[in-house]
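As they're listed, the protein sequences go chains F and L.
Residues 0 to 526, numbered by numbering that gives the first Met the number 0, are exactly what the first sequence covers, in order.
Residues 0 to 526, numbered by numbering that gives the first Met the number 0, are exactly what the second sequence covers, in order.
Each hint should be verified, as a subset may be incorrect.
Which copy is meant is left open, because identical chains are indistinguishable; a pair holds if it fits in one copy or across any two.
To be verified - Derived SDA-like pairs: lysine to any residue, alpha-carbon spacing no greater than 25 Å straight-line:
id, residue 1, residue 2
1, 185, 518
2, 185, 479
3, 219, 469
4, 185, 174
5, 228, 407
6, 499, 218
7, 448, 91
8, 159, 425
Simulated from the structure, these hints should not be mistaken for laboratory data.
2 protein chains.
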Amino acid sequence: MCCSGHVRRSTPPGGRLQERTPVTSIEDFISQYGLVQKIDAFGYLDYLKSNPDAPRKHGKVVLVTADTPLKASRGEGKTTTTIALIDALRERGIDAAAVLRQPSMGITAAGSKGGASGGGKASLTHPELIDWGLCGEMGAIEAAQNLLVSFAEKAVDDGKLDTILVPRVSEVPSRSLRQIAVDRGKGDVAERVVLTPTCELMQIVVLSRSMDEISERVAKMVAGTKDGKAVTFGEFVDLWRITGILGDAVKPAKTETVNGSPVYVHGGPFANVSIGIPTLVSVEMACALHDVVIVEAGYGTDAGAQKWLDIACREYDAQWPSAAIVVTRASTWRDDPDLAWRYPFHVQRLEGLDIPTFPLINLWDGEDDQIPALKATAKELEFRDPIIGNLYRDGGDALAPQLDAFVDAVTNGSMPAEPHSHKGMALVENVRWVAENAYGVPADRVILKDGFAESLQAAEGLCASAGIDFGSLALVAVKSPATMTDNDRAPEAERTVTLKKVEVHSGAGLVHVNLTTSLTTPMPKIV
Amino acid sequence: MCCSGHVRRSTPPGGRLQERTPVTSIEDFISQYGLVQKIDAFGYLDYLKSNPDAPRKHGKVVLVTADTPLKASRGEGKTTTTIALIDALRERGIDAAAVLRQPSMGITAAGSKGGASGGGKASLTHPELIDWGLCGEMGAIEAAQNLLVSFAEKAVDDGKLDTILVPRVSEVPSRSLRQIAVDRGKGDVAERVVLTPTCELMQIVVLSRSMDEISERVAKMVAGTKDGKAVTFGEFVDLWRITGILGDAVKPAKTETVNGSPVYVHGGPFANVSIGIPTLVSVEMACALHDVVIVEAGYGTDAGAQKWLDIACREYDAQWPSAAIVVTRASTWRDDPDLAWRYPFHVQRLEGLDIPTFPLINLWDGEDDQIPALKATAKELEFRDPIIGNLYRDGGDALAPQLDAFVDAVTNGSMPAEPHSHKGMALVENVRWVAENAYGVPADRVILKDGFAESLQAAEGLCASAGIDFGSLALVAVKSPATMTDNDRAPEAERTVTLKKVEVHSGAGLVHVNLTTSLTTPMPKIV
């Protein structure tokens, strides 16, 4: 091969160098990995950027979100809906694709939860691949985050750190790992282990648009402290050792529905304790390849959707949705009168943001006769006409005839404007804004728990000591997936939101605020 | 597709069902995984078994082993030799392939050790793939073994177990994990974490010839005890959850040298604390595809080679080698007079087993002028003519002209006979046999340390309580990689081997005996 100027050198996994002939299409960025394909999204998006005339689409993002679930392990059917929806849209001649997060293999394998890859007629061709570790992406992120902890231990030995703040991770759930002591019998150092999907490195992979950005973000992660002053990983870690491990993990996987519709799977942060959305590059790549891109965000509208809108769109330049679908099961919405306020709240909230919002009721067997009543209630609530179907039983066929208004909204709406950033807003003010807008609790009923002010001050001090701009961090509300307030069953005028503590993820550019409803730590027990 | 009797249903990873057209060759069992290929070796070997007329080769196994290293982190160059050797053999028109173990990514990534994929002209096309986690095989084994521990914890909660004996694993080294306490502040349960390559599940993957066998072996693993009686995982775990995770990990990877020679990589048990050999199926598959199969066993002849011969061949039906190559660096062999006895001991030991054994001296830069002296010493010691070269600098070219005798021995020797099993031999008698044969220490200088008899008795009791036949377990000597005896520098007549403790790996069918030189636990510190 001659040294022509057209020869492109790319640097995939582990700094491998490859000679490449001139790129002509997405195909040049796709590799087969067993039954799925992996796509070098960083390379493809970079190619589009440096070749403005290269063909591409300008797909619109549709958010699939849901009612707040009654409990963490009970899904409303977002993935089933997402799969049925792209099958139905493609049946109508629209080039639609879906972007999903990778489910946590540990939890699936342990039997604590079913898979998260649809079901019945709304299924993927190889759901077990998605559910059981895909191509090792989660394992690579786990190894890289744990390696950071090992390097932090070495930094303690070397006198560069005296306290480690970054947690070890495990993809396999084990409640006894919530609180551990390492160096038993010697130092007996207290530590905690969290589930891999909840860690900062997973957030970094979700939010970054290049390996260099990942490297820069890992460098900014706070490893721990020395004499009370924050020390970042950039101060003592060879960053190529971390990015080397992540070489394949940064590539979205492509699979398809049983009807052949394209589905990209990438990134797996939990929605209640993290950011709950697939990687930004997987969505952007899908938008360059398809006209409509259905993005599934985790748990309810108060969790993943809030995070897509207020974190990804406001602070990380993700695309504001052209429409939203809010999934519910008939029983979630209506059978518990104390909680029946939540579903209409979510629908109205999204409509209030100028996002055309379509209620979708995912029926289970034996519920078909509820359709007239559900329609009547939706009308009373001044919803758009609800989309109703048994998606497990009927798949996309249940949806296709009901999508006229949805398709009209998505295809005829103009590309949405960019939302304004909340950067610089004081943290408590920002939480109050979220409480008011996403949970329906006015600012004066946001309560600071004893110790919160100290936790906030400590977080601000930690950032200041390492030259991190605390005001530039985006807010992540950490809460139970099943509640939006301290008590969702309380009358509206009495609902409160209480802030418990603050944790900085400076590499990801995030600051976590735990609400009182947050779990102690995201390390479930096998049940 | 019609329901013809010719359609074959196979059940690869995670119980996926695939329709397959009739199988015609190995190609039907190969899938691309990025830059490497993965081969369904279980499926291919099963196909050969049920199609006795299908074309296949009957390749001969050659063992590449080495002098005992001066320290654990200093390699003699076995992988470099293996790569150069297949390149040289293929240059001579012989269809040769190599089978390597997968290096421990944690240690490579941590910088505690270089990679283990050759170097210079004796390199793989994508060494970084092999060194940095391959296709997630090690990660999958880690997740599966840790999931077993989580299930054991659940069994404790359910009253089925009171003590857990199976350790958690980590691919990432961290010395502080050697001894940990989980449930800190509540139960404060003492535990240990070991490196993934050292765990029983890795041994099971290495020794099994089908997913059913893996499943049966996992079922026989001792999870822990209840009222002093052993409880196996088969008593309380859904085994499909474990085999589901291992779906892709059981498939050997195929890559190649920079000269295009085929290299299979599969399994990564350490040689000093485990069995140190690649998976049996990867070697058997390679033997069906090539005429000469070079198998690299870990560390010195006293470690991986001893284990290939005495465990894999004697007890697990692996092929007895048709020749062996014992690699040394000139400096290892001769620069330390106290340890210079070890290299000739290894060469003579293998010759004594009727294995044509070829000394190979892997020169470093500046050592070419030592060749005459090395040859003279080899002659004095009555070795076969040594093969000498700078393999990093010259690759296979350094070897090709020196291989006449080697090729003659391999191609003209008859297929070796099967060795007799040691099953039923008393454990201490078996260790004495190994000490005498593999370490040169006579039976009367094998010492039982205080506590050993109790440890042995406890292991026998544990097995008896679960109906496991202790006498059927194959012996794994657990020792330092750098020594064969309690003190290799002592005069021959004073060298001893001391037995410290016994540990049962009943799923793998192994019993470990720790010698005094064994490390406390295989969890290194990052250096």
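Against the structure, the hints:
In this homomeric assembly, residue 185 and residue 518 come within 25 Å of each other (Cα to Cα) only across copies, at 18 Å, whereas the closest approach inside a single copy is 31 Å. In this homomeric assembly, residue 185 and residue 479 come within 25 Å of each other (Cα to Cα) only across copies, at 24 Å, whereas the closest approach inside a single copy is 37 Å. When the C-alpha separation of residue 219 and residue 469 is checked against a cutoff of 25 Å, the pair qualifies only within one copy, where the shortest distance is 13 Å, while the shortest distance between copies is 54 Å. With identical chains, the CA atoms of residue 185 and residue 174 are at most 25 Å apart both within one copy (24 Å) and between copies (12 Å).
Taking the shortest alpha-carbon separations for residue 228 and residue 407, neither the intra-copy value of 55 Å nor the inter-copy value of 68 Å comes in at or below 25 Å. Neither within a single protomer nor between protomers do residue 499 and residue 218 lie at most 25 Å apart by alpha-carbon distance, with minima of 28 Å and 45 Å respectively. Taking the shortest alpha-carbon separations for residue 448 and residue 91, neither the intra-copy value of 52 Å nor the inter-copy value of 78 Å comes in at or below 25 Å. In this assembly of identical chains, the alpha carbons of residue 159 and residue 425 never lie at most 25 Å apart, being 32 Å within a copy and 53 Å across copies at closest.
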